[in-house]
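The primary structure of each chain is shown beneath.
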Amino acid sequence: MKWERVRIPLMLGPTMAIITILFFGSLGFGFLQSLGYQPQIGNTGFSLDAYYAVMFSERSASQFWPGLALTLWVASASTFISAALAVGLSLLLRRTFFGKKLAVFLFQLNLPIPHLVIAVGMLLLFAQSGLVARFAGELGIIDAPRDFPVLTRDPYGLGIILAYIWKEVAFFGIIVMAVLQSLGEDYEAVAQSLGANRWQRFRTVTLPLIMPGLMSASIIVFAFTFGTYEVPRILGVQHPKMLPVLALEYFLNPDLNARAEGMALSIIIAVIVFALVFLYMYVSARTVRKS
Amino acid sequence: MSDLTLSSTTSSSNVRARRGFGRVVFYLTIFVMCLMLILPVIAFFINAFAFRWFYPQFVPNEWSLQAWERLRLIPRAGDRSLEGFISLWASVPDVVSALGLSLFIGAVVTGFSIIIGLPAARALGLYRFRGKRIIEFMVITPTIVPPIAFSLGLNINFIRWDLALEAAGFPLDLSGSIIGVSIVHLVPVMPYVVLTLSGVFANYNPDFEAQARSLGAGPVRIFWDVTLPAILPGLFVAALFAFLVSWSQYLLTFLIGQGRVITLPMLLFAAAGSGNNAVIAALSLIFIAPAILILLVASRFLSGESSAVGGFGRV
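Protein sequence lines, in the order shown, are assigned to chains C and S.
Residues 4 to 294 (the working numbering) are what the first sequence spells out, left to right.
Residues -13 to 301 (the working numbering) are what the second sequence spells out, left to right.
Looking at chain C on its own, in the form it has when it is part of the complex (with noise of 0.2 Å):
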């Protein structure tokens, strides 16, 4: 009988170990090491000083809080207008027609490429000499390179946002093409037997049964977007900067100073991440036991 009380201790604890040592116990230290606890160079006292720098310093604030509304808003936006395409186009691609295995395909085919290629891929589509452009000179749309757009590189993160719908689409895709298929049509059915027209239908029967898979998704993105590095280090400008290139930046400063910063800043990225997680999911749990 003992053997029954250490089995799934055992089994949990290679995994456990791992998660706790590498992960909390990374986050933990960084955490203490925002706090200026540097032992290496003898300061072994705890303070507030390092966020109080990241936010208010004179130096960092000018870079701080532009940097977290650009980090909001590419994140809010790339996550909604993606599920927002993402679901018009599973219930496009939910009917039958010929050739709709390779849609399905080509639907998919962004899902398993990595950001940061995206993120390149963005560059050579949407740069003013990017293909993109090449066809808007073809059609007489532009004159020259620099009447298109700056959507690369750009100041509002717009370059950012086009690649996280590229990837976004199709991993809210798969999803909510997995919970359309699992639910059928009989509710719909149902509906228009009632005299639901399609819109109707849409807002008080697909989209309610949706919803879950939708909003579970969106934690994900959001979150992703909220904190990805690879994607506004290729696609951003100096200023504003989003917060996760921010705190690399200062992180591998040679000032030990900053450095501290650079910990803060990744706690910041990470405790706002888990209170918008946290806010949102009290709040859907409340409009769930609502309706």
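A few of these clues could be false.
What the hints assert, rightly or not - Covered stretches of chain S, going by a simulated chain C footprint (3 or more residues, C-beta under 8 Å): (1) 18 to 32; (2) 111 to 122; (3) 233 to 245; (4) 270 to 279.
To be verified - Negatives, chain C to chain S, calculated, CB over 10 Å: (5) Leu51; (6) Met58; (7) Tyr285.
Claimed, not checked - Restraint ranges, calculated between C-beta atoms of paired labels, are given here: (8) C:Asp52 with S:Ala256: 34 to 40 Å; (9) S:Ile145 with C:Phe49: 17 to 23 Å; (10) C:Asp150 with S:Asp65: 41 to 47 Å; (11) S:Arg9 with C:Ser196: 21 to 27 Å; (12) C:Glu61 with S:Ile145: 40 to 46 Å; (13) S:Leu14 with C:Asp150: 23 to 29 Å; (14) S:Trp75 with C:Asp52: 52 to 58 Å; (15) C:Phe83 with S:Phe37: 40 to 46 Å; (16) C:Phe83 with S:Met22: 16 to 22 Å; (17) C:Leu13 with S:Gly86: 32 to 38 Å.
Because the hints were derived from the structure by calculation, they are not lab data.
From the three backbone atoms N, C-alpha and C, an ideal C-beta is built for every residue, glycine too.
Starting from the structure of chain C, add chain S where the hints point.
Just chain S, lined up with the frame of chain C:
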């Protein structure tokens, strides 16, 4: 036009005409959307083989392999014989070694993540025990917390542990080594492996194992002949995700590898700043080829299995 005027006369043909017109719009929408979605891949193919592709040209006038020559994957025009290829590849071009290293790390991470994650997934999928919710929460957390938040602390921890190990007489140099990078790739990989496999075990009936045991089968035989066949499709999906997540890591490899572990993402990232579009596109094609191969193999396992596809969110 004549069709439209005709159709307005009778109601039944009106419906048919609209359906015909609707079908054209439908196919056009699907075509345009699919074309838009694969535009990046199309751009890679054009750029990778275009030569002197100056602005107004929509389709390149000249094609060449110069990007592939520059990456030293294809010999120069005169040397394109078998010997030419062998001697070029024998010199191990940077791209080839990066490709090999990415594949190697991906395979090692996949193997270890499955070996480590399988028992944990079984415990979470099959049993109820105290603290299960906390364990599940801890497993999910790394999928929500942005990688930057733990990568920075991890970077310093690895340096500290190296110093401690060296002081204890075991110089291991985790930081800046292939072993170190493989170990840290486990952090983003483990949650998806465990979540995918625990979903498999939640629908698994362990009574078959008891039957095999009562018939005299040993634990190895039971695993091999009873458990493994039942979980194989899920195991396959978990392995693919593990590989893809490792394959696409940039930040962790950069921070822990200290610039000494050069995988494909490192090369592509460096090239992205160079402005040589042909080289960027050729590298991208090399980078996405295994990923698309994996999608081809995996697509029949993926339909309807929404618990597994969460892994794509981190690729």
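Problem - Hints that the structure is at odds with (numbers, increasing) - result: 12
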